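Visitor: Residues per chain, in single letters:
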Amino acid sequence: MAESVAATMEPPVGVPTRSALIRLENVHKAYNLGEVQVHALRGVSLEIHSGEFVAVMGASGSGKSTLMNILGCLDRPTRGHYFLDGTDVSALSKVELARIRNRKLGFVFQQFNLLSRTSALENVELPTIYRGLSPPEREQRAREALERVGLSDRADHYPSQLSGGQQQRVAIARALVNRPSILLADEPTGNLDSRTSVEIMDILQRLNEEQGLTVVLVTHEHDIAQFAKRALEFRDGKLRRDRIVPHRQVAREVLPTLPLLEDEKEDPQEAT
Amino acid sequence: MDFWNTLRLALRALARNKLRSSLTMLGIIIGVGAVIATVSIGQGAEFLVQQGIQSMGTNAVFIAAGSNRPGGARLGSWAVKTLTLDDMNAVLREVPLIREAAPAVVGRVQVVYQNQNWNTGITGTTPNYFAIRNWPVEAGSVFGQEEVDSAADVCLLGTTVARILFGEENPVGKQIRIGNLPFRVVGVLESKGQSVMGDDQDDRIFSPYTTVQRKISGITWIQFINASAVSQEASVAAVPQITALLRERHHIRSGEDDDFFVRTQSEVADIAQQTSRVMTLLLGSIASVSLIVGGIGIMNIMLVSVTERTREIGVRMAVGATENDVQQQFLVEAVTLSMAGGLVGIGVGLVGSALISNFLSWPTLISIKAIVTAAIFSAGVGIFFGYYPARKAAQLDPIESLRYE
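Here the protein sequences line up with chains A and B, keeping their order.
So that you can map any letter, position 104 of the first sequence is 104 in my numbering, and since no number is skipped, the others follow by simple counting.
Numbers in my numbering are just positions in the second sequence, counted from 1, shifted up by 272.
Heads up, a few of these hints could be off.
Claimed, not checked - Straight line, CA to CA, 30 angstroms or less: simulated DSBU-like cross-link-like pairs of lysine-lysine:
id, chain 1, residue 1, chain 2, residue 2
1, B, Lys-664, A, Lys-94
2, A, Lys-104, B, Lys-664
3, A, Lys-238, A, Lys-104
In case anyone wonders, no lab produced these hints; they're calculated from the structure.
These numbers come from a predicted model, not from an experiment.
Excised from the complex, chain A in its bound form (with noise of 0.2 angstroms):
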């Protein structure tokens, strides 16, 4: 029955000609937790296009995770095909799935999830390690990625001499480094106050626009992901509502409205 609905089922949103970067057909996704089986996702079927900045948004236990996990190539369909790029992931071995997330795609983390006792350049250069790249190149590309996040007088910095903003800030540059088609986003403002979520939210906008970089963002906060085009909302395993975001909010234009926050002043260190 799930099968007839997704095959006669269409891209809500979005232009149904042009070849989408992400297509998840009918994908289920359900867990043995001993006897019990828990399904996280129960037939979900959507297209993403590149260039597009979504925000999927849902309760905890909604499976927004789960379809975050599956997209980034972490985590296999149960049931279902995930097409990537053209490519059906939902097929290939752990091995090739460890490349596709080393080249086409970015995580940014709630956690930020940076190694600590590694510099600023160090964790940026990080995937460009397993990419196999020559150390000049890893360096001058590291370099890149945190100019574009605005950290270039940081690089030699540790992660615990970084604000919570600058370490989100080097975590993106980390996400960007090996040029990737999708930039992955789990609540990656959930541990930041909010001037500094809209600083995040600022880059990615810009990363968007600017770049053309596909972003899809993870998040049950309502205010930011009126940052995103498109919200997606989850329930129970499914996509329940699709729609384009109505007065979608531009970061660069809130900001300014914002009151500064004592621990966002210029720093002492880079005073000197």
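We have chain A; now place chain B onto it with these hints.
Guide: Structure of chain B alone, referenced to chain A:
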């Protein structure tokens, strides 16, 4: 990811926890050091034994009166009267594998020089005895065949006897008393040290066998024959021929026990070397237990490290590390730990055996083989004990790992 990157990564990870890394390495250091020190001690012992066997003489064949068989009433060399000089001459005549032979008649005597006296062993023999046993004189000379024929009262001293009776004085030409008889010292033998059995071979005096037979023991037979074969193989091959000949001469019927026994140097050498080799092996294997314990230490610390770095592993996998990359990273870390420990351990082992030979005056032989084996073994320990933690790291689920607190 290429090897140099992996190695750099491993070194950095180890440098981050210097105390922990060095304590982990300590296990391997002690293990490798112990293996090298004990093996060099064992090989020193083997060297000592070999030296002792060399002192028996070249291609030596040793015939003794008395039974060597267990069970029954056995008589020692002193009580068995059947071995004679004629037996020796028959062996020389009829067993061509035997090149030379010297008889030996032994006893214990009290020797006196001026106010010094000493209880020692006396061996009565012929001049070729010293050639057969590779035993040169240090001063004076060996008595001659004429002295044997005339049962002359002459003697040669072992260095121990010479030192006790004469101190710094030169004994050659001096008169000593053996029992009640005056003997002239014709020479002093070079020191031969301890025998394989551990007794002092220099605590002994030598006279013509005729003199000992007639004037000291009052016997007509001999107790031992020290023979020398034409080659090492011949010494072994001669044993059954000698046995057959002597049985025939002694009229021993089949089924009856020999009243003599024949030993070769290579036989004794084999037994002695086997003993010392077993000792080396035993010491070495006890020491390798500590190497294994060191390996378990590495495994333990690597497991802790994998757990602590679960998030890091998750991040690495998310940005494109394959299972192989992660496994290699942790395996190289474990091998780096164990190899570094192995290298330091080799140094400790060398210093340790140098100290032992210095302070315990025990010869130690450093063998390159032991060093190379220890180095390879320590790398092997790293691979063996590092494999499981590395595999565990590689099989972590990236999603779970990223969420790990």
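Visitor: Hints first: check each against the structure and report whether it holds.
Guide: Evaluated hints:
Our distance criterion of 30 angstroms between C-alpha atoms is met by Lys-664/B and Lys-94/A, whose separation comes to about 16 angstroms. This hinted pair checks out: Lys-104/A and Lys-664/B have alpha carbons roughly 27 angstroms apart, not beyond 30 angstroms. Between Lys-238/A and Lys-104/A the CA atoms are separated by roughly 26 angstroms; this keeps the pair inside 30 angstroms, and the hint holds.
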